[in-house]
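**Student:** Residues per chain are reported as follows:
Protein chains: 2
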Amino acid sequence: MIGDINDKFYFLYERERLKVEKKLGKLLKDRNPASLYMPGSYILEGGGKRLRPLLVLFSSKAVNGKFSSAYNAAIAVELLHNFTLVHDDIMDNADKRRGRITLHKKYDVNTAILVGDSLLSVAYESLLKDCNNIAQPVFAAFTKGLVEVCEGQSMDKDFETKRNISIEDYILMIEKKTAAMAEMCCKIGALLGGGSYKEVNALSNFGKSIGIAFQIQDDLLDIIGDEKEFGKSVGGDLVEGKKTYLFLKAFETAKGEDKRKLQSVIDRKGIKQNEILIYRLLYEKLGVIEDAKVEIKRYTTKALKSIQVLQNEEDKDFFTWLANSLIKRNK
Amino acid sequence: MIGDINDKFYFLYERERLKVEKKLGKLLKDRNPASLYMPGSYILEGGGKRLRPLLVLFSSKAVNGKFSSAYNAAIAVELLHNFTLVHDDIMDNADKRRGRITLHKKYDVNTAILVGDSLLSVAYESLLKDCNNIAQPVFAAFTKGLVEVCEGQSMDKDFETKRNISIEDYILMIEKKTAAMAEMCCKIGALLGGGSYKEVNALSNFGKSIGIAFQIQDDLLDIIGDEKEFGKSVGGDLVEGKKTYLFLKAFETAKGEDKRKLQSVIDRKGIKQNEILIYRLLYEKLGVIEDAKVEIKRYTTKALKSIQVLQNEEDKDFFTWLANSLIKRNK
Chain Z
553 MIGDINDKFY FLYERERLKV EKKLGKLLKD RNPASLYMPG SYILEGGGKR LRPLLVLFSS
613 KAVNGKFSSA YNAAIAVELL HNFTLVHDDI MDNADKRRGR ITLHKKYDVN TAILVGDSLL
673 SVAYESLLKD CNNIAQPVFA AFTKGLVEVC EGQSMDKDFE TKRNISIEDY ILMIEKKTAA
733 MAEMCCKIGA LLGGGSYKEV NALSNFGKSI GIAFQIQDDL LDIIGDEKEF GKSVGGDLVE
793 GKKTYLFLKA FETAKGEDKR KLQSVIDRKG IKQNEILIYR LLYEKLGVIE DAKVEIKRYT
853 TKALKSIQVL QNEEDKDFFT WLANSLIKRN K
Chain U
553 MIGDINDKFY FLYERERLKV EKKLGKLLKD RNPASLYMPG SYILEGGGKR LRPLLVLFSS
613 KAVNGKFSSA YNAAIAVELL HNFTLVHDDI MDNADKRRGR ITLHKKYDVN TAILVGDSLL
673 SVAYESLLKD CNNIAQPVFA AFTKGLVEVC EGQSMDKDFE TKRNISIEDY ILMIEKKTAA
733 MAEMCCKIGA LLGGGSYKEV NALSNFGKSI GIAFQIQDDL LDIIGDEKEF GKSVGGDLVE
793 GKKTYLFLKA FETAKGEDKR KLQSVIDRKG IKQNEILIYR LLYEKLGVIE DAKVEIKRYT
853 TKALKSIQVL QNEEDKDFFT WLANSLIKRN K
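First to last, the protein sequences are chains Z and U.
Letter by letter, the first sequence follows residues 553 to 883 in the working numbering.
Letter by letter, the second sequence follows residues 553 to 883 in the working numbering.
It should be emphasised that the hints constitute simulated quantities derived from the structure, not laboratory data.
Given the structure is predicted, the values throughout are model-derived calculations rather than measurements.
Check the hints yourself; a few may be wrong.
Since the list gives no way to pick one copy over another, a pair counts as held whenever it fits inside one copy or between any two copies.
Below, a list of computed lysine-lysine pairs in the DSS-like style, where the Cα atoms sit at most 27 Å apart [claimed, not checked]: (1) Lys696 to Lys681; (2) Lys709 to Lys837; (3) Lys581 to Lys857; (4) Lys849 to Lys681; (5) Lys574 to Lys845; (6) Lys648 to Lys618; (7) Lys714 to Lys880; (8) Lys709 to Lys578.
Required output: the full structure, derived from the provided sequences and hints.
**Tutor:** Structure representation (structure tokens):
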């Protein structure tokens, strides 16, 4: 899914990803009422990189824990992630997710609201199975992730109509909407693996920084991504008038006619399909594609620096591989 | 709010209710983003009996715990309850709740989805504050309540289109949708108060039985309630074609023309406003109003029987007063 097939870490990642995939596939199958859990299963079969559960598992391993002590927690974070996707897709009125029909389009909005809620309920249920004597800090971390993802989503919605958004506002929003979740995954994994305070902190910071890099990369891929690989239409963020890292950086940098062009994206709440190339060229002229790459690199370097306290070299190498794979990804 | 003003338990209940009310009023006031927490505050200001948080507090007290050890948990269950109300109101396309405009009508559906989610996130956050060394069982009970309320809501939605629903199906549905929550409130209170296994069980069972009685009473009030007091239109369940305890009991009992009349409620998915009296008279003829009263009494007696293991007579008297007040309530 990510990385080079010739890499040994690729196999390790894939081996664990397939285990997670299998567990997710079975999770809701025999539960009742089917009206609730069948649509839930549909969502969980949607595939994806499964990055969040894998962060849990490898963070556990990195503090000398076992994968097996964190599978339920890994499932929990993926359920939490899917809860957000189901509800976000309603709010965005999205038709497709990972190339498949969104839940509220396949069923209806009411079903999607309730199935989202239910995925979250099963997430907590699953998390409980892995945390016996350290339930308090694990639940605290998980809940903090949930609180922040709601706040981040609210900020993101606010941005649609707000006119003056700074890069700082944007970073705070993605810290909450994307990075807090990655931070939480690493923290929970490290806690369940029995990590020291220092290790838990190091991995949490890794998750947070990699989460920010991941989101800016996502914004970048909207402009430079390969449509078939990325799974979304290139330029889609511009068409929707989304205030991405690139857009805000461009708006901050531009002057005169360029600034007016960008202002019109805000005023018109997006651009037409046939204008995408014009704006891509503008982004290139203003250097924001390069700026985004620099920021992604900066946050990735920060992430890797924070895990230098880990003891095992192979674990450090794994996270380095993972971070670099995410930078190089095209979907 | 409930009970007779001349009763000492009324004052005790009111004293604690007002404390809960005050805490709820302040809870989200200074949090950001305001776009998320202002609508959340609007919901929490809606008043109500606050039965669920009070069950937490008095269950804690009944096992020799302190009220003060369970306020955050009390807030948590009220937040969870309000999360379900906000999402249920979207699903029912309800205009009003406790005499006030519903959240999705005051704002919009997207805001209401997200605010509901956020109330749940703050519920877990609040719960965390009260459970230190017994986080695992408290979180397990709370999460079980959440899982079941989602399942119950899904079953309730299924009932709208299902044709053959038995009284047993109905009881299972309200066990999940209403009773599981009351059961959870009592259990959490008892756990936080340091109750023995026997006490926790007794109070959980009290909550479950009282929850079932409460829901059948709610169904009954739709037919015999005082409109102004009840806060909903009398006969509303019939107009909407809801399969309540009374309707299902009537359908089970009726024969011939009566049965056809009831069948037409299912076929037409509800009745007209001017038919309410006809159906009320049919209910009386079939004896289902009396049947409902008997069932309410039966579950209330069961509830009171289960708490006989409590040591303090005054606590038993309080719960007896509470159970009787709920039976006598008209809203």
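**Student:** Check each numbered hint against the structure and report the violated ones by number, ascending.
**Tutor:** 2, 3, 4, 5, 6, 7
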